[in-house]
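Could you put together the complete structure from these sequences and hints?
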Amino acid sequence: MQVKLLSARFDIPDAHKIEVAKEHGAYATLDKVFAMQPEEVIELVKASGLRGRGGAGFPTGLKWSFLPKNIDKPVYLAVNSDESEPATFKDRYILVRDPHMLIEGIIICCYAIKSQAAYIYIRGEYTTQVKALQAAIDEAYAAGYLGESIAGRDYKLDVTVHRGAGAYVCGEETALLESIEGRKGQPRSKPPFPAVEGLYGCPTIINNVQSIASLPFILANGPDAYKAYGTEKSPGTHLFGISGLVKKPGMYELPLGLPILEVIDKVAGGLRDGRTLKGVIPGGSSTPVLTPEEAQTVTLDYESMAAHKTMFGSGGIVVLDDTVDMVKLVENLIYFYHHESCGQCTPCREGLGWMLKIVKKIIRGEGTTADIDLLTELCDNIEMKTVCVLSAACTMSTRSYLNKFRHEFEAYVSGGASSQTAM
Amino acid sequence: MADKVKLFVNGQEVEVESGKNLIDAIGAVGIEIPHLCYHPALGADGNCRMCLVGIEDGRPPLVPACKTRAAEGMKVQLDTDKIKKIQRDIMELELINHPIDCPICDQAGECKLQDYYMKYDGQKSRMTVKPVLKAKKMDFGCGVVHDQERCVLCARCVRFTRLITKTGELGIVNRTDYARVNIFPGRPLANRYALNVVDLCPVGAMTSADFRFKQRSWFLTKSKGICRGCSKGCNIFIDHNREKYKDDVIYRFRPRLNEKVNGYFMCDAGRMTYKQENDNRLTVALLDGKETGLNEAVEALRRAVSQAKKIVCVISPNNSLEQMFAIQKFAANCNAAVSGYSDGYVIAGDGDDFLIQDDKSANRASFALLGIDASKAGFDAAVNGADLLICFQNDLSLSLTADALNALAGNCKLAYLGSNMDACAEKAAIALPVASATEDAGTLVNVDSILQQYAVAVVKNTPAFDMIHVVSQLGGEIKNCFEARAGLTAAVAALKGIDLEQVPGEGLALTVSEVPNVAA
Numbered sequence: 001m002q003v004k005l006l007s008a009r010f011d012i013p014d015a016h017k018i019e020v021a022k023e024h025g026a027y028a029t030l031d032k033v034f035a036m037q038p039e040e041v042i043e044l045v046k047a048s049g050l051r052g053r054g055g056a057g058f059p060t061g062l063k064w065s066f067l068p069k070n071i072d073k074p075v076y077l078a079v080n081s082d083e084s085e086p087a088t089f090k091d092r093y094i095l096v097r098d099p100h101m102l103i104e105g106i107i108i109c110c111y112a113i114k115s116q117a118a119y120i121y122i123r124g125e126y127t128t129q130v131k132a133l134q135a136a137i138d139e140a141y142a143a144g145y146l147g148e149s150i151a152g153r154d155y156k157l158d159v160t161v162h163r164g165a166g167a168y169v170c171g172e173e174t175a176l177l178e179s180i181e182g183r184k185g186q187p188r189s190k191p192p193f194p195a196v197e198g199l200y201g202c203p204t205i206i207n208n209v210q211s212i213a214s215l216p217f218i219l220a221n222g223p224d225a226y227k228a229y230g231t232e233k234s235p236g237t238h239l240f241g242i243s244g245l246v247k248k249p250g251m252y253e254l255p256l257g258l259p260i261l262e263v264i265d266k267v268a269g270g271l272r273d274g275r276t277l278k279g280v281i282p283g284g285s286s287t288p289v290l291t292p293e294e295a296q297t298v299t300l301d302y303e304s305m306a307a308h309k310t311m312f313g314s315g316g317i318v319v320l321d322d323t324v325d326m327v328k329l330v331e332n333l334i335y336f337y338h339h340e341s342c343g344q345c346t347p348c349r350e351g352l353g354w355m356l357k358i359v360k361k362i363i364r365g366e367g368t369t370a371d372i373d374l375l376t377e378l379c380d381n382i383e384m385k386t387v388c389v390l391s392a393a394c395t396m397s398t399r400s401y402l403n404k405f406r407h408e409f410e411a412y413v414s415g416g417a418s419s420q421t422a423m
Numbered sequence: 424m425a426d427k428v429k430l431f432v433n434g435q436e437v438e439v440e441s442g443k444n445l446i447d448a449i450g451a452v453g454i455e456i457p458h459l460c461y462h463p464a465l466g467a468d469g470n471c472r473m474c475l476v477g478i479e480d481g482r483p484p485l486v487p488a489c490k491t492r493a494a495e496g497m498k499v500q501l502d503t504d505k506i507k508k509i510q511r512d513i514m515e516l517e518l519i520n521h522p523i524d525c526p527i528c529d530q531a532g533e534c535k536l537q538d539y540y541m542k543y544d545g546q547k548s549r550m551t552v553k554p555v556l557k558a559k560k561m562d563f564g565c566g567v568v569h570d571q572e573r574c575v576l577c578a579r580c581v582r583f584t585r586l587i588t589k590t591g592e593l594g595i596v597n598r599t600d601y602a603r604v605n606i607f608p609g610r611p612l613a614n615r616y617a618l619n620v621v622d623l624c625p626v627g628a629m630t631s632a633d634f635r636f637k638q639r640s641w642f643l644t645k646s647k648g649i650c651r652g653c654s655k656g657c658n659i660f661i662d663h664n665r666e667k668y669k670d671d672v673i674y675r676f677r678p679r680l681n682e683k684v685n686g687y688f689m690c691d692a693g694r695m696t697y698k699q700e701n702d703n704r705l706t707v708a709l710l711d712g713k714e715t716g717l718n719e720a721v722e723a724l725r726r727a728v729s730q731a732k733k734i735v736c737v738i739s740p741n742n743s744l745e746q747m748f749a750i751q752k753f754a755a756n757c758n759a760a761v762s763g764y765s766d767g768y769v770i771a772g773d774g775d776d777f778l779i780q781d782d783k784s785a786n787r788a789s790f791a792l793l794g795i796d797a798s799k800a801g802f803d804a805a806v807n808g809a810d811l812l813i814c815f816q817n818d819l820s821l822s823l824t825a826d827a828l829n830a831l832a833g834n835c836k837l838a839y840l841g842s843n844m845d846a847c848a849e850k851a852a853i854a855l856p857v858a859s860a861t862e863d864a865g866t867l868v869n870v871d872s873i874l875q876q877y878a879v880a881v882v883k884n885t886p887a888f889d890m891i892h893v894v895s896q897l898g899g900e901i902k903n904c905f906e907a908r909a910g911l912t913a914a915v916a917a918l919k920g921i922d923l924e925q926v927p928g929e930g931l932a933l934t935v936s937e938v939p940n941v942a943a
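Residue numbers (my numbering), protein chains in the order written: chain G, 1 to 423; chain Y, 424 to 943.
Just so you know, these hints were derived from the structure itself, not from any lab. Keep in mind that this is a model prediction, so the values were computed, not measured. Please note that the accuracy of each hint is not assured.
[To be verified] Below are the SDA-like pairs computed for lysine to any residue, each with C-alpha atoms no more than 20 Å apart in a straight line:
1) Y:508 with G:142
2) Y:553 with G:373
3) G:156 with G:142
4) Y:698 with Y:622
5) G:46 with G:220
6) G:184 with Y:467
7) Y:698 with Y:665
8) G:190 with Y:483
9) Y:505 with Y:491
10) G:328 with G:220
11) Y:669 with Y:886
12) Y:553 with G:331
13) G:361 with Y:553
14) G:114 with G:37
15) Y:559 with Y:508
16) Y:698 with Y:886
17) G:357 with Y:491
18) Y:645 with Y:664
19) Y:505 with G:62
20) Y:508 with G:131
21) G:361 with Y:549
22) G:156 with G:36
23) Y:490 with G:328
24) G:190 with Y:467
25) Y:535 with Y:453
26) Y:443 with G:192
27) Y:508 with G:384
Printed below as a string of structure tokens:
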């Protein structure tokens, strides 16, 4: 099942070094790229059907084409490497194992959108990753792939690494821009959208690390080679992080469209012996949970997830077996989103804290059925009333547990809760 | 006039100004969109989410009205069940961690949370868990006291220090419901407009140390007035109250919107000038420092005027236009010299590029209109050989050294008409009390030549006579304010054609083009 498009060089020793990476094909697409017009590169990426790998799945080439035409301001690329969604651990592999794939992708993207400055916004806790990435960028500068004239051509590009300070919300595109600009990471109201008014008031494209890292393969092999993998609407491959209660958790590159249960069984080694499946979080903690029955028919692609009223998200699959206490899982979940709320909008700032206290009350055995109902209503009251979707990330997922595992909440209320553990 | 657009609010067609956001545009025709963080002087921030409205045109189902411009044909929904529920939900979330300490809160009665609760919420609390506890009565400096628990994090105060004063003392620290407004350690508010954050705060989070716990806002009478703190003439509310068995006392000045003069704000120093209306007042007539009947003192001054060989009338740049005119007429009748010498009212370099002016008097521009000389040379020539000096509210101790003032008081008889017991009143052989600025009506011309009027705001239990009345008792021909205004329009070229009884509320700019109603 596993394929190696993005992870082709992951297992090669020292592939993070430029000589080794080049031996195995890094930067080989640049000749082809510079022979094309920027608009042709955009069309090619559009044709590949590549969708944003940060979670929303917005078509990458289409996003680029939203840049205003004939602009007299600089255009920026911001690479979102704030990977902070719980259960998501894919970009970190690219940053450490094959940073030159990312840099090559940045050159392709910047050439296509006519940008001469790219910022990589990297999660502050990623110390190993930031060292590896910066070392690779330094190598690329020394080798002439970044800087004044890239690979000997009349094209200038600078790449700057910006470390975050540990806020999940800075993975939201406009909070990320605020943070790069040196301000408190709080999402901006949209419109204006970043493609029109982004970093320092200039048109800005923000892409996930994996989206950018997918570009060298697409450019080298053409859109059809990429579309050979995956489904019609979800072409290509994805780095899936499979965690939770499976025998072989880890990061696996898979084509999109595979049945989720088959992947859990065959790729991740299946559940521990004697355990039964209770639920699957399909794409990071913010995506609504799937029951075992729903999981039967779910495949790992955007359209199947949407049909099951959940989201593909970031490819962070969490497998939950019968030992998991869903109420405590929800407590953990709300704790995270409450802690990470930027505090700007009233509903998210005040509401998530209230939700957390209600769940804690239920776990203490002091809750009532009215508290479960209030929790459900608060999800509705908070969701989509805010500047960004952080609160919705919390409420959409919380609501799915309340709807699908309400009996576990009721067990706490009636005093019959099990002594199961949270994830 | 700005362009108009037609749009629909709750299905009803209204015509509003184009280009404005929905809160302002629809608010101008009397339809309220509740909001906490938006303020016209500070722009839209969009954090409170109270102004979410629905718009039927295919855009996202909810938009913040503060960030949405009025456009032709727009269909705005405010009264749908969905919007009403959102307003109720947001109010509930605003209030779950609010201490609801209205009985001891100064903002009670003028609090947006109270108003909106009554209008948009009204449900019982569903909060059964402990609220977030934060710090209270924090000294933010400049007389601003902050209560973090009452705060709704609208960031108006933060934006004020960033956008208006550009001093940036305030910020919001921490995330989520630990977020709170704070100063940097050891760096309190340090700007001359800091108390405006108290007015800007929609709730009771920012209170004034000076006003705290003095009065309930609903007892205060809010009269319009003009600040006398400097020559800007900021428009103010005079908040005053006569408690049972007590006298009418002013408790605070607050800025009153006038786009042409001061906008939404005023300086802290001007705000505190209310104190001189209450304190250290000259309430009785004095003869050689001894309390005496008003009639006796007036008679004494009349006698002094009739016996004096050379009289000098010293006009104050704080006198109203009408008072100046009446004093000029009186001086002409008794052959007195007139001086407006008042250099001490000017503090060079004290002004800024916002509201505060160097000149700490309110009406110096009227000297030019009436041809009153305010030079030191003119004053020296006038007082040379004079045997009676009458100061009309002009505290010469500000402009002269103590020795010079003593010498002057020794050389001639010093009389004083004023409302406060200042240094000049103490030295005067005859001191007559007159009504203070808030107890009188009149006209002022500010530093930008904008003519503004004020009416009587405060009536004391034992009111002092107004200055023009006392001057008329001394022998002046002008009997009251109305006569003075009639005389002024006839005598002063710049005021020709202006009806001083009909000056618009926002004032009248005294420039050539702004005096249009001259009879052809």
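Now the hints, each set against the structure:
no.	hint	verdict
1	Y:508 with G:142	violated, 60 Å
2	Y:553 with G:373	holds, 19 Å
3	G:156 with G:142	holds, 14 Å
4	Y:698 with Y:622	holds, 19 Å
5	G:46 with G:220	holds, 15 Å
6	G:184 with Y:467	holds, 18 Å
7	Y:698 with Y:665	holds, 16 Å
8	G:190 with Y:483	holds, 11 Å
9	Y:505 with Y:491	holds, 19 Å
10	G:328 with G:220	violated, 47 Å
11	Y:669 with Y:886	holds, 14 Å
12	Y:553 with G:331	holds, 17 Å
13	G:361 with Y:553	holds, 10 Å
14	G:114 with G:37	holds, 10 Å
15	Y:559 with Y:508	violated, 32 Å
16	Y:698 with Y:886	holds, 18 Å
17	G:357 with Y:491	violated, 35 Å
18	Y:645 with Y:664	holds, 9 Å
19	Y:505 with G:62	violated, 34 Å
20	Y:508 with G:131	violated, 50 Å
21	G:361 with Y:549	holds, 14 Å
22	G:156 with G:36	holds, 16 Å
23	Y:490 with G:328	violated, 39 Å
24	G:190 with Y:467	holds, 13 Å
25	Y:535 with Y:453	holds, 17 Å
26	Y:443 with G:192	holds, 17 Å
27	Y:508 with G:384	holds, 14 Å
Going through the hint list in order, the structure does not satisfy hints 1, 10, 15, 17, 19, 20 and 23.
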